Amino acid sequence: MTTIDKTRNVPEPRGAADGSTPLLEVRDLHVEFHTRDGVAKAVNGVNYTVNSGETLAVLGESGSGKSVTAQAIMGILDMPPGRIPQGQILYRGEDMLTMSADARRKIRGRKIAMIFQDALSALNPVLSVGYQLGEMFRVHEGLSKKDAKAKAIELMDRVKIPAAKERVGDYPHQFSGGMRQRIMIAMALALEPDLIIADEPTTALDVTVQAQVMDLLAELQREYNMGLILITHDLGVVADVADKIAVMYAGRIVETAPVHELYKRPAHPYTRGLLDSIPRLDQKGQELYAIKGLPPNLTRIPSGCAFNPRCPMAQDVCRTDVPPLHPVTERDGSELVGRGSACHFWKETIHG
Amino acid sequence: MPDVTKAQTTDEALLDAVAPPAVEVPAGQDEKKSDKPRSLWGDAWYDLRHRPMFWVSSVLLFLLIVIAAFPGLFTSVDPRDGDLVNHYLSKPELTHFFQPDWFGYDQQGRSIYARVVHGTRASILVGVGVTAVVTLVGALLGMLAGYFGGWVDSVISRLTDIFFGIPFLLGTMVVLNAFTERKVYVVILALAFLGWTSIARVTRSSVITAKQADYVTAARALGAGTSRILFRHVMPNAIAPTIVVATIALGGYISAEATLSFLGLGLSDPTISWGIDISEGSKVIRDNPHTLLFPAGMLSLTVFAFIMLGDAVRDALDPKLR
Amino acid sequence: MADVEKTDESMDATPNVTEVETVDAATDEEAVAAIEAPVERGEPILQVRNLVKHFPLTQGILFKRQVGAVKAVDGVSFDLYQGETLGIVGESGCGKSTVAKLLMMLETATAGEIFYKGQDITKLSGRALKAVRRNIQMVFQDPYTSLNPRMTVGDIIGETFEIHPEVAPKGDRRRKVQELLDVVGLNPEYINRYPHQFSGGQRQRIGIARGLALNPEIIICDEPVSALDVSVQAQVINLMEKLQDEFNLSYLFIAHDLSIVRHISDRVGVMYLGKMAEIGSDAEIYDHPTHPYTQALLSAVPVPDPEAREGRDRIILTGDVPSPANPPSGCRFRTRCWKAQDKCAEEVPLLAVPERFKGSDTPAAHESACHFAEEKDVVHAA
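Protein sequences appear in the order of chains A, B and C. At position 224 of the first sequence the residue is numbered 224 (the UniProt record's numbering), and the sequence of numbers has no breaks. At position 104 of the second sequence the residue is numbered 104 (the UniProt record's numbering), and the sequence of numbers has no breaks. At position 250 of the third sequence the residue is numbered 250 (the UniProt record's numbering), and the sequence of numbers has no breaks.
Since the hints were derived computationally from the structure, they do not count as laboratory data. Source: prediction; values computed, not measured. There may be inaccurate statements among the hints.
If you want a taste of the chain A side facing chain C, the calculated C-beta under 7 angstroms gives, among others [stated by the list, open to error]:
| no. | residue |
| --- | --- |
| 1 | 61 |
| 2 | 206 |
| 3 | 207 |
| 4 | 211 |
| 5 | 239 |
| 6 | 240 |
| 7 | 274 |
| 8 | 277 |
| 9 | 279 |
| 10 | 282 |
| 11 | 322 |
Virtual Cβ for every residue (Gly too), placed ideally from N, Cα, C.
Please model the complete structure; the sequences and the hints are all you need to start from.
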């Protein structure tokens, strides 16, 4: 009912800028799955960092490895069939992959929390919402039942669930999709984590509810100064809240950029193709541009650049050499902060 | 109404990443293996072939079926011929492979080896027979109940509940008690009389799941008739759990037959059955354990083989892993 | 490449609901003949009048008694013209999928009529019904569940010919299936493969081939691309546009993605809680919306262009869609509407050209079910 202005101040990312260790750093992460049809290489050398108060959007289609990376960070990968042959996941400089299971459990949930797409299946249907929220406090902080319930109500207020006091005893199915997603957010927030990973948090919701939930998430993130990793396939959702974007394809990051830059001037043919292939709301288009072909089978990723069979710019070199993430510069060579493109022809793509 | 806006859940995304098909790969690059059309049954078969359990149980069962079909190939001795003078409770000669005295003799001087070989047929027949009848009846009723719903479902489900409520062995004993001469088919029907309920329940629930699938809606939208929908779309997709339950139950029916025979309510003379022999052997078990050991051992081996096969089939067909 | 440009001018003038010229067929033959008769481009081919579908809510196991009804569709009327694409948008629970099921005769309507070439198909049976079924086909949302996993692609598409054997003689069917695969851009040699050997986009092509097999006049598309990846969505949308031109199809395109609906549709209807809130040409709805719900919906769409969105007003609705079992009195949107007044709770607004725009030729003069309809551009940057 409120008409709000869309121009808001994005807080300056803190942490890395002053040279200290970032909140989370993923270094050269590889994940593979052993299947009947061979080894599926889901993640092939992903690097990214997130600082406090910063939102990183990881954009990719199904099979791009965006969710697998998040699961590896959370330590909820099914192993086997999953395997992490190499890479590091550093939480405040400590490698979570090599630390003890106990130390890791202390980080998971308490320091790094996750929000899933499907709130209904992520919540236990036979326990009341208040109980599930309170559980976090009883288990982790040893609060009494009564105090835990009070905390639960406070959290529900926090995520703007109307009549929290009356609804604290309700069960998940008694809430609408948007409200359930709010409860998921409340659960993730309960222990005031440093980092939240949101895996397609609004995909299952209706457009009008999507906007509400995204706004809430962004607001809470600012308030708590948390890091946020937003995993999505929706270019529109990303544009709303992210500070920087990492585009993934076939288990690699193919482009990184601050959010506005990416939409204005994509530096990778895949990103450009994606942007061109979505119809516009504000004008009637002609025929849509379509990226030809299909995402690759992860057991048989094409040699060289994984995107080469679908790429309009592909040359021989693309079929043989894997392009590294080149730093992207202006035409005159001046640096573009935070931009990178894993394309042999990034110059032609951005300045073309 | 559920028009859920659907996109990839984490699981799906993962599945998509891991097990996607390998089409649209430039020709020639394609491996031979993925080029062949692979049905879900084909996948299950692939899975089975890679399980040692499946092979062990298959070889065992094959052997048992051959014994059941052609007992004459394994022994030439008549299992009903007793020689009390020479063989009364003779101990087994374990080195005399396939000889009549290999497993020793029983109280009536009959070759236990010959009786074990000839008893196989009854056990296998009962097991397979009960499973066949039970699957036919249970699947049919379950399918009708699941597909048509409404009052058909109410009637069949209540009927299932009533039969399910009767204790299986006790009920079967009551039925069998009405017969004086109990041949194989009598025992089969008696066991099937109360055994169909679990199959009916499993089939009903899987049919309900299958009939709600979009491809069934698609067939209805095309104007497909009930029988086409039922037999081309619903049944092939709903039958897997039924098969799994049936295979696992098979072993159970064999031991049920032995139990009944042991209690004197199953097969009766002149039919030869492990259950009867176990019953006889148990009377002299203290001094002559071999009279019990061999028929009981064969029984356990058979049941074990069937249950192992059932497990392997379940793992291969389990929709949750698919 | 097919020319996908729409003839907007000709469509703009078409009213939402026109007079139904009913056909009274005395016999089956007459009915079938009427169904097979061609319809001029731009003439109404499907006319839906006051369509209602209530799902009864029952209580009790043995003696069921009705305690209420979910009013999934509650009096919806629209026309579909030959050769056009009518988009239906709305959030979950608005009844758009139920409309599709009713048109496909997968559900029986509680009340109302569906005229196909002047005949009420809810009253047809026998051969006439079969003829209608042949002419109205559907493409489903989820390509992973709408294809039978136990059947090969050849069997899935070929089954349509088994159900309607008059369309293709037996010996000809395999060739026809391969032709269809070719038409939708799949290798005809994939005929013996199973659905799980294909990716989502390819499966949806198979679903489209099945929809095309009987050479229908209307295809109802229920969220045909929402389960697909972005890069694949565009391929499928382009294919559908190409096929529309090639086979002279009329589409009823149901979706929640407003950008895609704008792209493909000639006219768009917006549904809310079982009722049509606003209907008009794509430019009328997207550039000149007059219903508050349409405005809120459009303004909530995340636009992948941070520059364009800066200047946009965003209307954030509070609360959730009320339950269709117990919809609000009067205007159904009033509980979430910022314009709501007492009148909205008392009077159900009719779907009509608002009084204030009547007679004028502004694009705002299209049908909108709001007592206080006024134009507000929420899509374009100020």
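Checklist entry - With 7 angstroms as the cut and Cβ atoms as the points, is residue 240 of chain A at the interface with chain C? => result holds, 5 angstroms
Checklist entry - With a cut-off of 7 angstroms, does the beta carbon of residue 277 of chain A approach a beta carbon of chain C closely enough for the hint to hold? => result holds, 4 angstroms
Item to check | Restraint outcome when residue 322 of chain A is required to lie within 7 angstroms of chain C by C-beta distance | outcome: violated, 21 angstroms
Next on the checklist: Hint validation: residue 282 of chain A versus chain C, beta carbon distance must be below 7 angstroms. Holds or violated?
Outcome noted: holds, 5 angstroms
Checklist entry - Taking 7 angstroms as the limit, does the beta-carbon of residue 274 of chain A come near enough to a beta-carbon in chain C? => result Since chain C brings a Cβ to about 6 angstroms from residue 274 of chain A, closer than 7 angstroms, the hint holds.
Checklist entry - Under the criterion of a CB-CB separation shorter than 7 angstroms, is residue 207 of chain A in contact with chain C as hinted? => result Hint holds; residue 207 of chain A Cβ to chain C Cβ min 5 angstroms, cut 7 angstroms.
Next on the checklist: Take the shortest C-beta to C-beta distance between residue 61 of chain A and chain C; is it under 7 angstroms?
Outcome noted: holds, 4 angstroms
Checklist entry - Close enough to count: is the Cβ of residue 239 of chain A nearer than 7 angstroms to one in chain C? => result holds, 5 angstroms
Next on the checklist: Less than 7 angstroms between beta-carbons is the criterion; does residue 211 of chain A satisfy it with respect to chain C?
Outcome noted: holds, 4 angstroms
Item to check | Proposed interface contact between residue 279 of chain A and chain C, which counts if any beta carbon pair is under 7 angstroms | outcome: Holds: closest Cβ of chain C sits about 3 angstroms from residue 279 of chain A, inside 7 angstroms.
Next on the checklist: So, as I understand it, the hint says residue 206 of chain A touches chain C; can you test that by seeing if any CB pair is closer than 7 angstroms?
Outcome noted: holds, 4 angstroms
Hint compliance for this structure: hint 11 is the single one not met.
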